[in-house]
Amino acid sequence: MTTQFELTEDQLAIQDMARKFTADAITPHAAEWDEKHIFPRDTIKAAADLGFGGIYVSEESGGIGLGRLESAIIMEAMAYGCPSTSAFISIHNMAAWMVDRFGSQTLKDAYLPDLVPMNRMASYCLTEAGAGSDAASLKTKAVKDGDHYVVTGSKQFISGGGENEIYLVMVRTGDDSPKGISCLLIEKDMPGVSFGAQEKKLGWHSQPTAQVNFDGVRVPVENLVGAEGEGFRIAMMGLDGGRLNIGACSLGGAQRCLDEAVTYTKDRKQFGRAIADFQATQFTLADMATELEAARALLYLAAAKVTANAPDKTRFAAMAKRFATDTGSSVVDRALQLHGGYGYLQDYPIERFWRDLRVHSILEGTNQVMRMIVGRDMLRQ
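FYI, in the numbering used here the residues of the sequence shown are 1049 to 1429.
Think of the hints as simulated: they come from the structure by calculation, not from any bench. Wrong hints could be hidden among the right ones.
Quick list of the computed label-pair ranges, beta carbon to beta carbon [what the hints assert, rightly or not]:
hint: 1; residue 1: K1084; residue 2: R1424; range: 39 to 49 Å
hint: 2; residue 1: E1080; residue 2: S1242; range: 23 to 33 Å
hint: 3; residue 1: G1194; residue 2: D1263; range: 10 to 20 Å
hint: 4; residue 1: K1248; residue 2: A1275; range: 18 to 28 Å
hint: 5; residue 1: A1275; residue 2: A1352; range: 21 to 31 Å
hint: 6; residue 1: E1080; residue 2: G1113; range: 30 to 40 Å
hint: 7; residue 1: D1263; residue 2: Q1330; range: 58 to 68 Å
Beta carbons are placed, not taken as given, at the ideal position from N, Cα and C, and that holds for glycine.
Hey, can you work out the whole structure from these sequences and the hints?
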């Protein structure tokens, strides 16, 4: 029996741990978090106690030093309970990894001991009101003044905005090209940092999202992550992993809705028999399961490529993100249809997943941008 396409014993153990944590700490509470817009800081902190705050932070820096496939498995498991909470933890991991991978030893020593256990939580700040898909056109400026940078500008749609203590901010230190962008670590309580009102969103209600504003914020030069001018490259490398995790969150949410649909269609009777007995239902379920498995296989392959630093890792991360998020939303939509009118009610979890997964085809690079990345890479050959 070939084990090439199966998870290893270690990976299965990690999956099992993440699933048990989700069943105990996330799934029973997720509907309430959504309904009451609760940010479950204590639950997130409990996830960090398992090592999930520094999944691919190196062991030397206090993380658990796993690969991108292990990370995807963890995110998928947690999204089975709540995609919004899982995605929030993913974003923190991306930021912590950026500090570990590109920060100076001084910066790592100052921040990682708090980031890994999520005593302090981190946001990734790239998007601006006028720079979304065209992220390289960002305007937030950082001007050197002695041993500080003075930062002015604002960032839009920031997960953790107003709640998190640490912000990894892409700023313009040079010309108007991507090479003029640098990455600075900015703290919540530095003078001049402020936040917009919490955004009212379709989904992702269990996590805060707000504009982050910088009004002449003085940031020490040693808070530069990587070298000056490397910010855009660092931001994009972070997104390779972030895209896998968001794809994994779609897989987990879709798997939950597929499982709910199987249970529901076996119980629900119409025309004198269970609706699961109708061939139309069986065909729909079969397609949902097949597409989900295909998306998972592609995502796991892409994750292995990102871990191995393969030359085509960015192409595969983009393909996997596009396919997993589109497939996830499509599976959840059909699960809602199979539930009929009940699927539209908040008494059942399907509508929450339908709302939460919708944003996954927009963030971490829209699925149109994913197609652009893949197409350009193909034509470069």
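Going down the list of hints, with the structure as the test:
1. About 44 Å separates the C-beta atoms of K1084 and R1424, a value consistent with the hinted range of 39 to 49 Å.
2. Range check, E1080 to S1242: about 30 Å between beta-carbon atoms, so the 23 to 33 Å window is met.
3. Range check, G1194 to D1263: Cβ separation about 19 Å, and the 10 to 20 Å hint holds.
4. For K1248 and A1275, the hinted distance range of 18 to 28 Å is not satisfied, since their beta carbons lie about 39 Å from each other.
5. Range check, A1275 to A1352: about 29 Å between beta-carbon atoms, so the 21 to 31 Å window is met.
6. At roughly 34 Å, the beta carbons of E1080 and G1113 sit within the given window of 30 to 40 Å.
7. As the Cβ distance of D1263 to Q1330 is approximately 59 Å, the hint placing it in 58 to 68 Å holds.
The structure fails to meet hint 4 from the earlier list, while all remaining hints are met.
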